[in-house]
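Single-letter residue listing:
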Amino acid sequence: MFNDVRSLYLHIPFCERKCEYCDFTSVAGATGSEAYMGALNAEVRRIGERLGPLALDTVFIGGGTPSLVEPALLAGLIATVRSTFSVTADAEVTMEANPSSITAGRARVWREAGVNRISIGVQSLETDALRFLGRVHDADRALAAVAEVREAGFTSINCDLIYAVPGLGDTRWRRTLERVVDAGPTHISCYELTVEAGTPLHARVRRGLVTPVDGVRSIRQHGIAVDLLERAGYAHYEVSNFALPGEECRHNLVYWRNGYYAAAGVGAHGHLPAAAAAAVGLDVAAGAVSVRYWHGRGIAAYGRAVRGGELAIAGSEPVGPGMREQERVMLGLRLREGVRIGASNLSEAHALAGLGLIAVDGDRVRATARGEAVLNQVTLRLVGDQAA
Amino acid sequence: MRLDRIRNFSIIAHIDHGKSTLADRLLEATGTVALRDMQDQVLDQLDLERERGITIKAQAVRLAYTASDGITYELNLIDTPGHVDFAYEVSRSLAACEGALLVVDATQGVEAQTLANVYQAIENHLEVIPVINKIDLANADAELVRREIEEVIGIPADDAILTSARQGIGIDLVLEAIVKRVPPPQGERDGSLRALIFDAKYDAYRGVVVYVRIVDGRIAAGMRIRMMNNKSEFVVDEVGVFAPAMTRVDELLCGEVGYFIASIKNVRDSKVGDTVTDAAHPTTHPLPGYRAVTPMVYAGIFPVDSDDVTDLKEALQRLNLNDASLIFEPESSAALGFGFRCGFLGLLHMEIVQERLEREFDLSLITTAPTVEYRVRLRSGEVIAIDNPEMLPDASNIEAIEEPRTKATIIVPSAYVGAIMELCQERRGEFQQMDYQPGDRVALTYDLPLGEIIHDFYDQLKSRSRGYASLDYEITGFRAESLVKLDILVGGQRVDALSMIVHRDRANAHGRKLAERLRKLIPRQLFEVPIQAAIGGKIVARETVSAMRKDVLAKCYGGDITRKRKLLEKQREGKRRMKRVGNVEIPQEAFMAVLKMDEE
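So the protein lines, in turn, are chains P and C. Be aware that the first sequence starts at 1, since it is given in my numbering, and climbs by one per residue. Be aware that the second sequence starts at 1, since it is given in my numbering, and climbs by one per residue.
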């Protein structure tokens, strides 16, 4: 049994339409979702055959837009997870949903299927920003969606928001934050709009049609979010994440604490200890502590591979002790709780503390607000030269 | 071979005037290199030589040519470096010959460097045969170039040979002229051995291969020989000729050119210009003209990664085996750690050494701005030589600082004379002479500080004359000037490796420019970095690199981790090419910033 694998990520790649900025694995429309969900169930069972009945503390159904597929299909998927693995009594089961495919009725089905945390892609409450981002809902729909899931019995609700949107000034960003806080979610994520290669937004920037927001304004809007949300009682527990007490996303904390997670579905990434990786059938290089692996992005190819008895894994990377340490520090620095660092990096840590970028407490460090703004640089200085 | 059937000759040409191509054609025409083995620049064996289209090391090759008189002659071609940095090597190569082909580009005319080398040939009593090359080009003007050779150089050019090395035109005429016009060598076949060393190279398997011209006597395997300069003695293992590959022969006789190998471990024992003699029957008269080569330009070379200092030392030693003119000694810098203070013949030599170290030995290096050697007269009466600004004594102890001066000759089309004179003025040059030459060109003579020439002067000369100006210079002596040390402070900390010696009148302007340039070269750090220029503790310029405001990834979830880590690794690779001084990361280029101050 692999006791240290207690999380599972499931990817559902369907969306009403592809957003301008999105580089996740997704396709427009729900055509073929039935066949896909069949393959996904099959892969979950196959993982179960190879890893045994893992005790799962967290399950995260992400996308794409999981709320878009038929609620019955989702219920079926969760049932498969429950019958394949041992989902613990207090497990966190999150599902991502978009306002346009949320109704109180659908939410009740998800709730009954065992989803107990819902993450809503609100993004903005400003009409022009929503249009810029290519979102299909408006502010009223977004706020109604929050009410609907609450009405369906959800008590853990996250709202995703995006700042640094061209044309969205500080005042209107603050207004979005205030209105979302008023809607009363238990968790809020605030992401900077980033221009990823291969997205329509990237093409518009390249053609000179869009000028990305400069770093100074972006950092300022981040600061606005931190101030406003902390005052509203949301703890800033990760670079982009805020939660009421006890409402932190446990699944995501597994990522940031460099934990393990199995994964199923197109484009899904997993991280398994070496023995589990070997059991799954991944190549495990000598000396590897763990293996990170990922699925291919093609839906048709995924279906074929799973039907052929495979896991549709497209690539993997063995993680040696040095690399594991680098990743641990890199990820842990994102958390307000901070991260323990090795003795060899302590003098560097004190130098950074002297610059006001981190706080050092014994062998633990955490980024200050200033350090968080340049976290990549801070990380570079603290991961030292550990051999990968 | 009878003396009267030997011809030793060299080729003098400006860069790009076609020397290597002509040499290639001569090798082909005499069947020395089979056509199928032919590649461009056969004689330039270093990769760098081929890439840059220049000759760095001298080469020698023996050609067998059956002339129109039916007799087969032994022609020895000694190919010489063409750059001002290697002027002494050129002079020794010329001293090994009786004749020289003067190759002039029919579209370009005589250049300053050519002029200097041709005068050396004339001083060595060489028969100079003018060859006007590239006559196939549309803008060739052979008549004008012929007139220029006569008026500027002062040698008859009626019978200049017109060639196109690229097209193979006139090659036979060149070979005939070598036989007919270059005098055969003279010398005493039965006298005691006197051989002139004109180059040496280190071969990993055989030790040092010494390139010699036998002036008197003979040399053969088994002989015990003596280097007259340092009296070291060796037993000859092998003698041979270049055909063009090294080919063993029984002996090399008076008048001939070839090589010998004698278990010599270090090229320092076979210095260019030295005389080799028979240890059993030594001559009392060494050949004239030997001088120890002294560096003109000094710079510090440091490994970016301090752990590589041992590797750097080994690499320098290895290069040194082949290049006795490179000198180095350990240096330690507060900013850069341990490295080596190196002396070079000139800037090109410095660039070549740096490039070879990085390329052939896979080292990542920081080279500090080059400097010349100053003479410092102390109040105590003592005179010291300073090749590193850092070593300059406290100003209160200094009576005077003297800088090396040169006589610089610049040949330039008259349209650019104004621009070039302006450049010379900016560089504290003192005008001496201006001569008009055929083809609407002007020869300018200036007294210029060597320290100014090594700072980007050549590039400026080229850019302000659209590439038409050519330069030659020779050291004339030292002169006291009002010189001061300019210090640079980065993040409040003095960076010794950025200090330089400058003229007081221009020190402020220099400091401002340098600080400004450094501001552009030093990337934003996690905090604000002031860059200051100071003279004797007084700040004369200040610039600020503002702090980095933002560098953070908004999202980092399960699928982002591998990509994110790779991104960090890439960033770290970039940092490896920087040197951390105090808390500030300074890129390699910054240390050379002072070289490029006239840009932009």
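If you are wondering where the hints come from, they were derived from the structure by calculation, not from laboratory data. All values derive from a computational prediction rather than experimental measurement. No residue lacks a Cβ here, since even glycine has one placed at the ideal position from N, Cα and C. Take the hints with a grain of salt, since some may be wrong.
What the hints assert, rightly or not - In silico SDA-like pairs for lysine to any residue, Cα to Cα no more than 25 Å straight-line: (1) Lys570/C <-> Glu317/P; (2) Lys570/C <-> Leu228/P; (3) Lys550/C <-> Asp4/P; (4) Lys18/P <-> Asp4/P; (5) Lys555/C <-> Cys22/P; (6) Lys566/C <-> Gly198/P; (7) Lys566/C <-> Arg328/P; (8) Lys550/C <-> Leu228/P; (9) Lys271/C <-> Glu314/C; (10) Lys564/C <-> Lys520/C; (11) Lys520/C <-> Thr199/P; (12) Lys575/C <-> Arg172/P; (13) Lys566/C <-> Thr199/P; (14) Lys18/P <-> Lys564/C; (15) Lys555/C <-> Asp128/P; (16) Lys555/C <-> Gly32/P; (17) Lys180/C <-> Gly154/C; (18) Lys566/C <-> Leu228/P; (19) Lys564/C <-> Gly338/P; (20) Lys564/C <-> Asp128/P; (21) Lys555/C <-> Glu16/P; (22) Lys564/C <-> Gly322/P; (23) Lys564/C <-> Arg364/P.
Stated by the list, open to error - Here are the in silico distance ranges between beta carbons for each label pair: (24) Arg542/C <-> Arg231/P: 36 to 44 Å; (25) Thr211/P <-> Ser364/C: 35 to 43 Å; (26) Pro166/P <-> Gln571/C: 35 to 43 Å; (27) Glu355/C <-> Gly322/P: 53 to 61 Å; (28) Pro166/P <-> Arg512/C: 50 to 58 Å; (29) Lys462/C <-> Gly322/P: 46 to 54 Å; (30) Val289/P <-> Lys566/C: 13 to 21 Å.
Right, here's what the structure says about each hint:
no.: 1; hint: Lys570/C <-> Glu317/P; result: 17 Å, holds
no.: 2; hint: Lys570/C <-> Leu228/P; result: 36 Å, violated
no.: 3; hint: Lys550/C <-> Asp4/P; result: 36 Å, violated
no.: 4; hint: Lys18/P <-> Asp4/P; result: 36 Å, violated
no.: 5; hint: Lys555/C <-> Cys22/P; result: 12 Å, holds
no.: 6; hint: Lys566/C <-> Gly198/P; result: 19 Å, holds
no.: 7; hint: Lys566/C <-> Arg328/P; result: 14 Å, holds
no.: 8; hint: Lys550/C <-> Leu228/P; result: 20 Å, holds
no.: 9; hint: Lys271/C <-> Glu314/C; result: 21 Å, holds
no.: 10; hint: Lys564/C <-> Lys520/C; result: 28 Å, violated
no.: 11; hint: Lys520/C <-> Thr199/P; result: 33 Å, violated
no.: 12; hint: Lys575/C <-> Arg172/P; result: 39 Å, violated
no.: 13; hint: Lys566/C <-> Thr199/P; result: 21 Å, holds
no.: 14; hint: Lys18/P <-> Lys564/C; result: 24 Å, holds
no.: 15; hint: Lys555/C <-> Asp128/P; result: 23 Å, holds
no.: 16; hint: Lys555/C <-> Gly32/P; result: 29 Å, violated
no.: 17; hint: Lys180/C <-> Gly154/C; result: 21 Å, holds
no.: 18; hint: Lys566/C <-> Leu228/P; result: 34 Å, violated
no.: 19; hint: Lys564/C <-> Gly338/P; result: 18 Å, holds
no.: 20; hint: Lys564/C <-> Asp128/P; result: 31 Å, violated
no.: 21; hint: Lys555/C <-> Glu16/P; result: 23 Å, holds
no.: 22; hint: Lys564/C <-> Gly322/P; result: 16 Å, holds
no.: 23; hint: Lys564/C <-> Arg364/P; result: 22 Å, holds
no.: 24; hint: Arg542/C <-> Arg231/P: 36 to 44 Å; result: 41 Å, holds
no.: 25; hint: Thr211/P <-> Ser364/C: 35 to 43 Å; result: 37 Å, holds
no.: 26; hint: Pro166/P <-> Gln571/C: 35 to 43 Å; result: 26 Å, violated
no.: 27; hint: Glu355/C <-> Gly322/P: 53 to 61 Å; result: 33 Å, violated
no.: 28; hint: Pro166/P <-> Arg512/C: 50 to 58 Å; result: 39 Å, violated
no.: 29; hint: Lys462/C <-> Gly322/P: 46 to 54 Å; result: 49 Å, holds
no.: 30; hint: Val289/P <-> Lys566/C: 13 to 21 Å; result: 18 Å, holds
Hint check: violations occur at hints 2, 3, 4, 10, 11, 12, 16, 18, 20, 26, 27, 28; the rest are consistent with the structure.
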